[in-house]
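Residue numbers (the working numbering), protein chains in the order written: chain A, 1 to 362; chain B, 1 to 306; chain C, 1 to 365.
Take these hints with a grain of salt, some might be off.
Stated by the list, open to error - In silico BS3-like pairs for lysine-lysine, Cα to Cα no more than 27 Å straight-line:
(1) C/K190 to A/K43
(2) C/K339 to B/K120
(3) C/K59 to C/K190
(4) C/K190 to C/K280
(5) B/K113 to C/K59
(6) C/K314 to C/K156
(7) C/K153 to A/K39
(8) C/K33 to C/K156
(9) C/K297 to A/K43
(10) C/K301 to C/K280
(11) C/K33 to A/K39
(12) C/K36 to C/K128
(13) C/K248 to C/K93
(14) A/K39 to C/K280
(15) C/K59 to A/K43
(16) C/K153 to C/K36
(17) C/K301 to C/K190
(18) C/K128 to C/K114
(19) B/K113 to C/K301
(20) A/K39 to C/K114
(21) C/K93 to C/K128
(22) C/K314 to B/K113
(23) A/K43 to C/K68
(24) C/K297 to A/K39
(25) A/K39 to C/K183
(26) A/K43 to C/K93
(27) C/K153 to C/K34
(28) C/K308 to C/K280
(29) C/K297 to C/K330
(30) C/K301 to C/K34
(31) C/K248 to C/K190
(32) C/K297 to B/K113
(33) A/K43 to C/K62
(34) B/K120 to C/K236
(35) C/K183 to C/K339
(36) C/K280 to C/K297
(37) C/K301 to A/K39
Hint data in this document are derived by calculation from the structure and do not stem from the laboratory.
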Amino acid sequence: MFRIEPRKEPSRAMAYATPFLALLLTILAGFVLFALLGKDPLKATWIIFIEPLTTLYSISEMMVKATPLILIGIGLALGFRAGVWNIGAEGQFTMGALTGGAMALALYQIEGFWVLPLICLAGIFGGMAWAAIPALLRTRFNTNEILVSLMLVYIATLLLSIMVHGPLRSPEGMNFPESRLFHDAALMPVLIEGTRAHWGFIVALLVALAAYLLLRFHIVGLALKVVGQAPRAARFAGFSEKRMVWFSFLVSGGLAGLAGVFEATGPVGQLVPALPVGYGFTAIIVAFLGRLHPAGIVVGGLLLALTYIGGESAQISMQLPSSTTRVFQGLLLFFLLTTDILVNYKIKSVRARPGAITLNRP
Amino acid sequence: MDLLVNIMLGIIIAATPLVFAAIGELIVEKSGVLNLGVEGMMIVGALAGFAATIELGSFWAGIAAAALAGALMALLFAVLTQSLLANQVATGLALTMFGLGLAALLGQRYSGKSAPEVSKLHIPGLSELPIVGPILFGHDAMVYLAVALVAVTAWFLKNTRQGLVIRAIGENHDAAHAIGHPVILYRYVALMFGGACAGLGGAYLSLVQTPFWVENMTAGRGWIALALVVFSAWRPWWAFMGAYLFGGITIIQLHGQGMGLDIEPQLLAMLPYIATIIVLVLISSDRTKARLNAPANLGQTFFKSS
Amino acid sequence: MILSNMWKGLTGALMALAMFFAANAVMAASHAKKLKVAFVYVGPVGDHGWTYQHHQAMKAVKAKFGDKVETTHVENVSEGPDAERVIQQLAQKGNDLIFTTSFGFMNPTLKVAKRFPKVKFEHATGFKRAANVSTYNTRFYEGRYVAGVAAGKLTKTNTIGYIASFPIPEVVMGINASYLGAKSVNPDVKIKVIWVSTWFDPGKEAAAAKALVDQGADILFQHTDSPAAMKLAEQKGILALGQASDMKAFGPNAQYTSLVNDWSGYSISRVQAVMDGTWKSTNTWGGLKDGMLTMPKWSAKVPADVAKLADEVKAKIIAGTFHPFTGPLKKQDGSVALKDGEVIDDGALSGMNYYVEGVDGSLPK
Numbered sequence: 001m002f003r004i005e006p007r008k009e010p011s012r013a014m015a016y017a018t019p020f021l022a023l024l025l026t027i028l029a030g031f032v033l034f035a036l037l038g039k040d041p042l043k044a045t046w047i048i049f050i051e052p053l054t055t056l057y058s059i060s061e062m063m064v065k066a067t068p069l070i071l072i073g074i075g076l077a078l079g080f081r082a083g084v085w086n087i088g089a090e091g092q093f094t095m096g097a098l099t100g101g102a103m104a105l106a107l108y109q110i111e112g113f114w115v116l117p118l119i120c121l122a123g124i125f126g127g128m129a130w131a132a133i134p135a136l137l138r139t140r141f142n143t144n145e146i147l148v149s150l151m152l153v154y155i156a157t158l159l160l161s162i163m164v165h166g167p168l169r170s171p172e173g174m175n176f177p178e179s180r181l182f183h184d185a186a187l188m189p190v191l192i193e194g195t196r197a198h199w200g201f202i203v204a205l206l207v208a209l210a211a212y213l214l215l216r217f218h219i220v221g222l223a224l225k226v227v228g229q230a231p232r233a234a235r236f237a238g239f240s241e242k243r244m245v246w247f248s249f250l251v252s253g254g255l256a257g258l259a260g261v262f263e264a265t266g267p268v269g270q271l272v273p274a275l276p277v278g279y280g281f282t283a284i285i286v287a288f289l290g291r292l293h294p295a296g297i298v299v300g301g302l303l304l305a306l307t308y309i310g311g312e313s314a315q316i317s318m319q320l321p322s323s324t325t326r327v328f329q330g331l332l333l334f335f336l337l338t339t340d341i342l343v344n345y346k347i348k349s350v351r352a353r354p355g356a357i358t359l360n361r362p
Numbered sequence: 001m002d003l004l005v006n007i008m009l010g011i012i013i014a015a016t017p018l019v020f021a022a023i024g025e026l027i028v029e030k031s032g033v034l035n036l037g038v039e040g041m042m043i044v045g046a047l048a049g050f051a052a053t054i055e056l057g058s059f060w061a062g063i064a065a066a067a068l069a070g071a072l073m074a075l076l077f078a079v080l081t082q083s084l085l086a087n088q089v090a091t092g093l094a095l096t097m098f099g100l101g102l103a104a105l106l107g108q109r110y111s112g113k114s115a116p117e118v119s120k121l122h123i124p125g126l127s128e129l130p131i132v133g134p135i136l137f138g139h140d141a142m143v144y145l146a147v148a149l150v151a152v153t154a155w156f157l158k159n160t161r162q163g164l165v166i167r168a169i170g171e172n173h174d175a176a177h178a179i180g181h182p183v184i185l186y187r188y189v190a191l192m193f194g195g196a197c198a199g200l201g202g203a204y205l206s207l208v209q210t211p212f213w214v215e216n217m218t219a220g221r222g223w224i225a226l227a228l229v230v231f232s233a234w235r236p237w238w239a240f241m242g243a244y245l246f247g248g249i250t251i252i253q254l255h256g257q258g259m260g261l262d263i264e265p266q267l268l269a270m271l272p273y274i275a276t277i278i279v280l281v282l283i284s285s286d287r288t289k290a291r292l293n294a295p296a297n298l299g300q301t302f303f304k305s306s
Numbered sequence: 001m002i003l004s005n006m007w008k009g010l011t012g013a014l015m016a017l018a019m020f021f022a023a024n025a026v027m028a029a030s031h032a033k034k035l036k037v038a039f040v041y042v043g044p045v046g047d048h049g050w051t052y053q054h055h056q057a058m059k060a061v062k063a064k065f066g067d068k069v070e071t072t073h074v075e076n077v078s079e080g081p082d083a084e085r086v087i088q089q090l091a092q093k094g095n096d097l098i099f100t101t102s103f104g105f106m107n108p109t110l111k112v113a114k115r116f117p118k119v120k121f122e123h124a125t126g127f128k129r130a131a132n133v134s135t136y137n138t139r140f141y142e143g144r145y146v147a148g149v150a151a152g153k154l155t156k157t158n159t160i161g162y163i164a165s166f167p168i169p170e171v172v173m174g175i176n177a178s179y180l181g182a183k184s185v186n187p188d189v190k191i192k193v194i195w196v197s198t199w200f201d202p203g204k205e206a207a208a209a210k211a212l213v214d215q216g217a218d219i220l221f222q223h224t225d226s227p228a229a230m231k232l233a234e235q236k237g238i239l240a241l242g243q244a245s246d247m248k249a250f251g252p253n254a255q256y257t258s259l260v261n262d263w264s265g266y267s268i269s270r271v272q273a274v275m276d277g278t279w280k281s282t283n284t285w286g287g288l289k290d291g292m293l294t295m296p297k298w299s300a301k302v303p304a305d306v307a308k309l310a311d312e313v314k315a316k317i318i319a320g321t322f323h324p325f326t327g328p329l330k331k332q333d334g335s336v337a338l339k340d341g342e343v344i345d346d347g348a349l350s351g352m353n354y355y356v357e358g359v360d361g362s363l364p365k
């Protein structure tokens, strides 16, 4: 039998080692899975994890896919630290895309350096406004924010649908539900020539850096932590829970909105009903994969993006059904989450005498 | 009158899978665990129930298989979050992703097949009563099972020693542990019960409501069930009413359209969500009640320190 | 760019690692002579509807050309930001002909097509073309009209129930055609439309179907993707029109006929054209005549005289002597859509955004 013992402080070595351990376990489990399906496990693993890293194009696509995951993940992590459960980032993402996209259409064919920033601001505002609803209901009426933010996801998706079927529908689009293609001044500038990777990725990295600095050096970082872990103590220390709720929702909503408008003005280039593809939910996983730490979230976002793109490649090259990719991703997440235990705890063999080998050696 | 009765029947069908999933998650959350993987457990239950019904030729075998499959998914969650102390929110989301993929992968053989129709209970005398007869009597057994489950759960949480322990664990697992209650064991059992219920909810979809199997067929109902638990402020009968409210508005808006109600369909489709928020705001503005019911240790990892 | 050089360095290192896996990486080269054909699907191949039928076309291509082609398909591709990447990857992997089979793939297809002028693209249901992008679609409304004629005779309650997804022209023209077909033989017929605001939610589709039946419909039409409505019709002992594929498995008694999208013939001819070097960008809108839309024979529930009546209409459509949208035709608001004897042109048809006179309820904007 084994026994779990807490460490006095988290093991740094384990913090770095566990992701690799998880990856290794996933690959082993994947071998079994692929072999059962009658596919070459070595090749499948290669295609999912390594091949996407060997071409500039798929790396650029990883950046495209990771951008919204990182932006949203950072915002959510701030709230999660304070125990504020914004589960509805998907809705804020959708609203950001909608308001930003509406701005882009309102400014159709207007040139100027200020066009894109204005569009982005509109997107941030849209996300914030949508996030303000659960924040207001929570602080004013004590309404549970998990439920409200989740319900608002469905409402936002339907709202987007109404808008692209109606007011924002392209006049040249034969009444099909999609907006015009945005004009050039309203599109995110491309980062790497010939790919879809856009400056939003750099913005996401800067946001991660800013979040790191905020958490490390600013009093807000401490306030979030105290409110989350010891609400009573927070009150004594003068940190207002209400303000933390507002802060968390506005920041995470704004970032989700920004991610939405980046998506609309970046890889998609117009408003379509299928714009939200679940980044808001996946980002929750990313936030926890990154242990709510900005640097971790950047890595987590890139890793998840890698598996999506690798999964597509495996479908293309090996005709691996898309359901397999989802199972595989699920396994990867399970292993990443469970190996986390090694960071904060030691696993000891109960019968072991003092000095015997324990599993916590890096 | 017939139409009214039929609308009621439609609501009952729409609400029943939500009742199952919500009541299961309610117990789980009462014990202090937040399992966001309801959607994943439901879809696996939907497949298992359907597959077992076809392979074994018995509806009840299907129901048992669905409950078992849901419970196994929950067991996976329990091992990860209770024994290996993984984060509950992230694990739950991963469980949903995994479940949707697994069901799609294993379910390929069953798409396009038909399961035998589920018979309705018939109570001579009662089922023939006007209006009351068809609404209250003469459903499939699952509908009654769902109601019974709510009643038993409500009674169990309130009146039994084990129910009290579950609530105590949800409030303060350290204190409960200190008095000697096996926190982890209780949570394992609660989780597996919750998984079994979610599996039953999924099976209702694939065996009664639609009834066939196709991937992604839960279409977000697991999330609605989660929302209903919060909506109910963790009270079983409120979760039941919430499910009926949600199902009711969905069905009534569909009927409204058929009768020529002239509103944007997407706006109508929003109604159940908006109504849920409004009702919740109304209930929760009574500060004392809502907070008292929320399990204080919900979502927090328990580590047995001694 | 500095960044791109950095990536090149990194990728170089990884390429070295790639040597270990060399045995697995040689696959691509050996099949150089085969024509590579790829299909991109919006749903799962097992959806028993839209995607399933496109997958049948891919199988037909494979069966027809055997070793001369190499086929690839990608399922569950969302119409949002992911579509472009998938299409691009397929083009990069050396596919010669790529079928993108959902409306939402239109702009992504065009974007990729610009970058790969030598690759040929076939986009289903869109309206934008390029030198290397063709479009193709099926005149579903023809089948709906014929099915409507039969339904007009078959309904005893004079009510047809219609489950609709979103108010796009494709769906709207389907509702209109069904109604006009039914009305042509039964002036008292009504059509009840319920919009479910989703393409796929079996539970909700079943609920909508039930609501329609409760309100008196005894024949169900649908323009959503799951077989839930067919299944419900089977349980209720009424009739239903199959959608996209033959749904007999779900409603052995209920399905009186079905509208089957048969993309095989078209797909095969386009593959052949690429092989022959005769491929050109075209716009194909085929219907009953071209075999792109087929209807399995009437079920036993359809009396011989009704079948004969509907078959006559079908024959006229195939012969080109009759168009379902022929004037005089008024819009729901009473304004004139088509003058007496006027036949709708394809442009107006494919952008149809009004109900015809006689359809109840108002069309969502």
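Going through the hints against the structure:
1. C/K190 to A/K43: violated (58 Å)
2. C/K339 to B/K120: violated (54 Å)
3. C/K59 to C/K190: Not OK: C/K59 and C/K190 at ~40 Å, beyond 27 Å, violated.
4. C/K190 to C/K280: Violated: C/K190 and C/K280 sit about 44 Å apart, past 27 Å.
5. B/K113 to C/K59: OK: B/K113 and C/K59 at ~21 Å, within 27 Å.
6. C/K314 to C/K156: Holds: C/K314 and C/K156 sit about 23 Å apart, inside 27 Å.
7. C/K153 to A/K39: Violated, because 53 Å separates the two Cα atoms, which is more than 27 Å.
8. C/K33 to C/K156: violated (60 Å)
9. C/K297 to A/K43: violated (47 Å)
10. C/K301 to C/K280: violated (45 Å)
11. C/K33 to A/K39: holds (25 Å)
12. C/K36 to C/K128: holds (24 Å)
13. C/K248 to C/K93: Distance of about 38 Å is beyond 27 Å: violated.
14. A/K39 to C/K280: The hint is violated at about 38 Å.
15. C/K59 to A/K43: holds (25 Å)
16. C/K153 to C/K36: Since the Cα atoms of C/K153 and C/K36 sit roughly 48 Å apart, the hinted pair is violated (cutoff 27 Å).
17. C/K301 to C/K190: holds (21 Å)
18. C/K128 to C/K114: It holds: about 13 Å lies between the C-alpha atoms, which stays within 27 Å.
19. B/K113 to C/K301: holds (23 Å)
20. A/K39 to C/K114: violated (34 Å)
21. C/K93 to C/K128: holds (24 Å)
22. C/K314 to B/K113: Since the Cα atoms of C/K314 and B/K113 sit roughly 31 Å apart, the hinted pair is violated (cutoff 27 Å).
23. A/K43 to C/K68: Holds: A/K43 and C/K68 sit about 25 Å apart, inside 27 Å.
24. C/K297 to A/K39: Violated: C/K297 and A/K39 sit about 41 Å apart, past 27 Å.
25. A/K39 to C/K183: violated (55 Å)
26. A/K43 to C/K93: Measuring from Cα to Cα gives roughly 16 Å; hence the hint holds.
27. C/K153 to C/K34: The hint is violated at about 52 Å.
28. C/K308 to C/K280: Violated, at roughly 40 Å.
29. C/K297 to C/K330: Given pair C/K297, C/K330 is violated - Cα atoms ~32 Å apart, limit 27 Å.
30. C/K301 to C/K34: Roughly 48 Å between the alpha carbons, so the hint for C/K301 and C/K34 is violated.
31. C/K248 to C/K190: holds (26 Å)
32. C/K297 to B/K113: holds (22 Å)
33. A/K43 to C/K62: The hint holds at about 24 Å.
34. B/K120 to C/K236: holds (14 Å)
35. C/K183 to C/K339: holds (18 Å)
36. C/K280 to C/K297: violated (35 Å)
37. C/K301 to A/K39: violated (47 Å)
In the structure shown, a violation is registered for the earlier hints numbered 1, 2, 3, 4, 7, 8, 9, 10, 13, 14, 16, 20, 22, 24, 25, 27, 28, 29, 30, 36, 37, in ascending order.
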